[in-house]
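Visitor: Residue strings, one per chain:
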Amino acid sequence: MGSRIRRETLVKWAPLLVLIVLCAFFAAMEPRFLSTRNFARILIAASPALMVAIGVTFVIIMGSIDLSMEGTVSVCAVAFAFCFLWLGGTLASWAWLALPVAMLVGAALGFINGLVHVKLRIPSFMASLAMGFVGTGLAMVMTGGDRIRIEDELFRSLLTERFLGFPLMVYVAGLFLLVAWFIQTRTTLGRNFYAVGGGEDLAIASGLNVNRVRVLGFTLAGVFFSVGALLAVGRIGIAETATGNNFMFLSITAVVVGGTALWGGLGGVWNTLVGVLIVFVIGNGMVVIGLPGYVQDGVLGILVILAVILSTDRKSISFVK
Amino acid sequence: MYQLNKVDKKFPGVHALKAVDFKIGRGEIVGLVGENGAGKSTLMKVIYGAYQPDGGTITIDGKPVRFQNPRQAMDHGIGMVFQEQSLITNLTVMENIFLGFEKQFVRFGVINWAAMAEAARHQLRKVKLAIDPATVTSKLSFAQRQLVELAKVLTLEERIEGDLVILLDEPTSVLAKEEVELLFSLVRELTSRASFIFVSHRMDEVLELSDRIYVMKDGEVVDVVTHDEANIDAIQHKMVGRDVDKQYYREQKQRPYDQSRSLVRFDRVSLAGKYSEISFDLHPGEVLCLVGTEGSGREAILRTIFGLEKPSTGRVEVKGKPFDRANAQEAVARGVGYVPRERKVEGIVNGMNVYENMTLSQMGNYASNGVLRIAEEKALAEDWIKRLSIKTPDVYKDCGGLSGGNQQKVVLAKWRSGGSDIFLLDHPTRGLDIGAKEDVYDMIREMCDDGAGIVLVADTLEEAIGLSHTILVLKDGEFQKRFDGSPGDKPSLYDLVHHMI
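Protein chains in written order, with my numbering: chain A, 1 to 321; chain B, 1001 to 1501.
Rather than coming from a laboratory, the hints here were simulated on the basis of the structure. Bear in mind that the values here come from a model prediction, so they are computed numbers and not experimental data. Each hint should be verified, as a subset may be incorrect.
Below are the DSBU-like pairs computed for lysine-lysine, each with C-alpha atoms no more than 35 Å apart in a straight line [claimed, not checked]: (1) B/1321 with A/119; (2) A/119 with B/1139; (3) B/1177 with B/1139; (4) A/12 with B/1386.
Isolated chain A (complex conformation):
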């Protein structure tokens, strides 16, 4: 019993511990790592990925997986850019409507994704992967391969305007993190995610409409992907097909490293925050101490395997497919 409790405590706090150790390590190697400027740099890079990772966290808690993020982010970014420019090209005009439009596009893509998974009974990883490719293709068709510049100063203030040393987009991400936390802990939908992930048979035997929960989960994920897309555009001022690149590996890695179990039912948005920070601290720290960038991916890969080893009670699982 004692060792079991210790193990659970360890699993619960291990990600945070890893994060602190990493920070301490990089700080020891290079004191400049600890500066506000550097932390701001980490958080700016992490904000869009955090949004995408939170979206996929909900889906993973349900025991499914959503791999459509790259396509969804690209489509949302491009749709936002077109809409924004068409409506006037500055937030001070009606162009602010482009923000909710982008979120609706994200929700719609997530909704379709969920329907394909649930109604056609296609495993979620396949359905969402395919939807992701459709999204990437769609974004390409919409832009014809061009980059769309968003030069509105008001919109770019997400990056340029700083408060206490951190740009506005960091606070926006923080706000959506709180919204996600609220959904997770305080709504029936959040509770249903855990029920479906913790025991689907049981959720059915308790009279839950599991299919509805699934579709809503994917829809919600789509909304968070779109927020990630908006922050990504705000960060570099460009919307293009490539806006969505890399989000899949980053977000899934972050969720797993943060301690959310891949088979569902365990974890949450705070885990994901820690996971995202771990991923970006490693990326930033390696640059700061002068290691080549490609070492990063290798280290992250090893970290994912370690995280899964640590969080799995392998004795209770007889087969892994």
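With chain A fixed as given, assemble chain B onto it according to the hints.
Guide: The following block gives chain B in isolation, referenced to the frame of chain A:
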């Protein structure tokens, strides 16, 4: 030649085998009978090496042996023909027959398929099955698969010097009458080479085939009878003979039920392959118990009432309204609560705490526009923790960490607090210790007093008799007989068993 001496096996909370003596001679067919949970399958598993006994010895021809796994048992000539078909259906017949023993056909890392096919044909001839060994197993009928299973075990003949012991676990359950005859004549022929242990709940078949019959009850061998002395009635008495404690099942608290209303009505309802032409009424305050062996259709009836199965014919009414477009949500909305057998799978969500589990089926009552009113949820949980004296440090405790009895109380609290008045209890006391069982019995009486109707599939026959107002006996999906069980006028175990098998 093969002998178990005072073999003992304990599981947490259960003494599954109590000093069991068992022996089988060369060419003998031995039957093994007993109620569900009497210890038959544990005994089988000890024999074929899946379990290691905690005490006692196993000897073959007087030499003690100890098997760490089924493979070692096979090396000593002991093979098992599984009741659950153990063939891998996407492989061919010959691949299944030699699964794990392909090495004999391998030359330089490549399998010689022709040689394997020839060897498989030889095995199939032993069971008189004329099929191409390259057939994919899923194309075979159940009877053919059963014979392939037997052929697979018979490969022991070539591999092992000496005697074979072959276990047949419910081999006839999926077979038609003629197929059973065929299997039996085959088994009799094969006794020239092997001894058989035959487990079945079809008493007449055991009597017909076996030279000797072991009767088990509560983990003990209570009798051994020879073929000539065997008598169905006597064996059935031995299987169940036990004193029932009226106090234990709270019979003094049993009240008559309200005959004027019907909560659930089954009118000649059938579900293809599970049960047929079942009719009954469930009244407020009634405990209706479905009794039968495994596969008699009990669980399927519960699942139908909960909307998880769609009946093929007949009419189901829940609270006077037809139940045509049934699903679990509709059932819950009409006040049906389901306490499934697999508590870990369908009863409580591991990782969710006490109040989250309790409100799982009724979250709508604790939410405004999708936002949960958690304070109310906690108040509800605290109230029920007190009412049912659930042992948990607080409402935040992960339900997976509670004891089985307390988990069951949480499940019952979930449905009761949600206002359910039709309860489907599938083995509600399985795996609970005695104190927890008594708590569950108390709760069942309480729920009846509140006007709820309960459909029960009990863990033991005594429990069924002790708790129920009405007992329906089922056999192979067909209704056999109805018993009334008012206190002091309960049917005996023997009455029930007689109609069950």
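Visitor: All hints, please: hold or fail.
Guide: These are the hints, each one checked on the structure:
About 29 Å separates the Cα atoms of residue 1321 of chain B and residue 119 of chain A, which keeps this hinted pair within 35 Å; it holds. In summary, the hint linking residue 119 of chain A to residue 1139 of chain B is supported, as the alpha carbons are separated by about 29 Å, within the 35 Å threshold. Among the hinted pairs, residue 1177 of chain B with residue 1139 of chain B is consistent with the structure: their alpha-carbon atoms are about 21 Å apart, no more than 35 Å. Proximity of residue 12 of chain A to residue 1386 of chain B is assessed by CA-CA distance (about 30 Å); at most 35 Å being required, the pair is judged to hold.
Going through the hint list in order, the structure satisfies each hint without exception.
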